[in-house]
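Visitor: Sequence:
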Amino acid sequence: MYMLKPFFAELRRTYHPAVYFQFRKSSSQQYYNLKLQTVQIDNKQTGNIALHPLPLPNLKEVEPFVELALSKIECKDATIYKYIKLKVSNMYLCIENDLIVKLSELVGRSKLYCEDSTSCYVNDISSIHKSITAVPRVSTKSIDFLALNSFGIQLNIVNKIQMSLGCNKMAFSKILDYLFPYNMSPYMPMEGVHTKVSSIEQADMNENIEDALYSLLDQVTSQFLQQYYSHVLGLQVLVNTFAIQPAIEVGTFESEKMAAIVLYGCRCLLGHINMSPAAVEACVTDIFANQNMENIQRMRRHGSYHKSEILPKAITISSRNFSTGVPNALSQLIVKTQNGIHCDGEMFFRTTGKALVSLITRHPDEKSDSVEVAREALRRASLLGEPIKIHQRLTRYRNKYLGLRPLSVHESIGQHLLETICNSRFISDTYWAHVAVDKVGRSIVIVSLEHVIRINKCRLWGPWELDWVVDLDDITSMPKMNCVDLILNLRQSDTNTERLQQIKISGQKELLLWLHEKIEQAIIVSMEDKSWTITTNA
Numbered sequence: 001m002y003m004l005k006p007f008f009a010e011l012r013r014t015y016h017p018a019v020y021f022q023f024r025k026s027s028s029q030q031y032y033n034l035k036l037q038t039v040q041i042d043n044k045q046t047g048n049i050a051l052h053p054l055p056l057p058n059l060k061e062v063e064p065f066v067e068l069a070l071s072k073i074e075c076k077d078a079t080i081y082k083y084i085k086l087k088v089s090n091m092y093l094c095i096e097n098d099l100i101v102k103l104s105e106l107v108g109r110s111k112l113y114c115e116d117s118t119s120c121y122v123n124d125i126s127s128i129h130k131s132i133t134a135v136p137r138v139s140t141k142s143i144d145f146l147a148l149n150s151f152g153i154q155l156n157i158v159n160k161i162q163m164s165l166g167c168n169k170m171a172f173s174k175i176l177d178y179l180f181p182y183n184m185s186p187y188m189p190m191e192g193v194h195t196k197v198s199s200i201e202q203a204d205m206n207e208n209i210e211d212a213l214y215s216l217l218d219q220v221t222s223q224f225l226q227q228y229y230s231h232v233l234g235l236q237v238l239v240n241t242f243a244i245q246p247a248i249e250v251g252t253f254e255s256e257k258m259a260a261i262v263l264y265g266c267r268c269l270l271g272h273i274n275m276s277p278a279a280v281e282a283c284v285t286d287i288f289a290n291q292n293m294e295n296i297q298r299m300r301r302h303g304s305y306h307k308s309e310i311l312p313k314a315i316t317i318s319s320r321n322f323s324t325g326v327p328n329a330l331s332q333l334i335v336k337t338q339n340g341i342h343c344d345g346e347m348f349f350r351t352t353g354k355a356l357v358s359l360i361t362r363h364p365d366e367k368s369d370s371v372e373v374a375r376e377a378l379r380r381a382s383l384l385g386e387p388i389k390i391h392q393r394l395t396r397y398r399n400k401y402l403g404l405r406p407l408s409v410h411e412s413i414g415q416h417l418l419e420t421i422c423n424s425r426f427i428s429d430t431y432w433a434h435v436a437v438d439k440v441g442r443s444i445v446i447v448s449l450e451h452v453i454r455i456n457k458c459r460l461w462g463p464w465e466l467d468w469v470v471d472l473d474d475i476t477s478m479p480k481m482n483c484v485d486l487i488l489n490l491r492q493s494d495t496n497t498e499r500l501q502q503i504k505i506s507g508q509k510e511l512l513l514w515l516h517e518k519i520e521q522a523i524i525v526s527m528e529d530k531s532w533t534i535t536t537n538a
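Numbering-wise (the UniProt record's numbering), the sequence shown opens with residue 1 and increments by one.
Worth flagging that the hints you see were computed from the coordinates, not collected in a lab.
There is no bait here: all hints are sound.
Below, computed lysine to aspartate or glutamate pairings styled on EDC-like, alpha-carbon distance capped at 20 angstroms:
#: 1; residue 1: K85; residue 2: E67
#: 2; residue 1: K25; residue 2: E74
#: 3; residue 1: K72; residue 2: D211
#: 4; residue 1: K480; residue 2: E510
#: 5; residue 1: K72; residue 2: D204
#: 6; residue 1: K141; residue 2: D211
#: 7; residue 1: K504; residue 2: E450
#: 8; residue 1: K313; residue 2: E510
Could you build all of it, start to finish, from the sequences and the hints given here?
Guide: Okay, here's the thing in structure tokens:
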């Protein structure tokens, strides 16, 4: 046998089980997912189909007839259903009097579904002697969210003969009285009648799951009978307009589009995209539909959001110069460590550092634009053929004492310095602040919750060298200011190897005042996590 034409059909058969059930369980949570692919009820006596799902418009689309998703949390005192979602697809329903009567007679043979008239009379009489005061029932089960989607019913009636059930002891013995009242003939066109049950959502229900499902069934039955009486029996039905809930329009889920939106929102929140605060709020609101602008304003009024700190102009100017800004920024942005960047010897001219020599030949000073110089140097380095991979933004850090704050280039450079100086000696410290105390930016004071560190840049492309380091516990009093210096009083200890009594930091007055405030804050915050013992003199 030869294949004359290529076979473009699907070679692998798609398999969908008739019943799919998934159960996941942990120590406190349980998840249930039940899917019935298709359900069909045939009447072999008349040859009619009593119930079957309507075909989908798209042949390749697969949708289960009934799907139930449930999430439950088991606690010691209560059982909480986080959500119960029931999804029913469109169906075809054919009502036959003979079928209902025969089914009722078959089920009525069991005493389980029958009600004894004597026991019903005894229950009614005993209810008279009960107390009138209603005792509130405290339920240990609660349902946070219960939802049913909207679905349509293509209704058709075959028999129009009015019949009654022979067994009146059944709980649902009046089903024919609802569908086929006496002295009324239902009108049914040949194409049938289409009824639609709107979606139902309920939240914060303090009752059992059985009672909640019975209540849901009553609401569905009420909606169906209202349309049945109006379209089939031709009666004028008084409808409560407030009980009708609008249908929930749920669009098709596009995974690629949703992934792109979530990625864009994460980049906005992490500071990888420059945009105004109003645009950030609009972006967050579009991505997370449950986020409300009123909640954002309320949280801001209560001080839940940290206001971005305004740095002094002298600090921002010193951070833009060459020694402080360009090398530290490049060391964070470049993914692959470029050999020769921090070397000023022969190694500098062997690799990419040869292209970066333009930064030295340009004689960077306070007036030159360091950002443009670095951009030109990276362009020259890329022309050499060696690939240079860079990050889009600087590293974002999170301070556990201040929470998540907007991205600050100044704080990012300071924390990177604290992690990398002296072969990562202070990597375990918690960064608090840093400032360049000279105009050129080659001398920086870093304040952490453990140390106060001063580092100097002796060579242009060389590493940062440690000048001195002081433990916060060795500072005996709060820093003091005079006209031109910031003074730190120290105690004699093992960490203070040089036996210094005081350390003076010189610089501009505005910078020293800001540094004085940051050192005080670091001392206070560091003391909160320490335990102190009180000794009494006997």
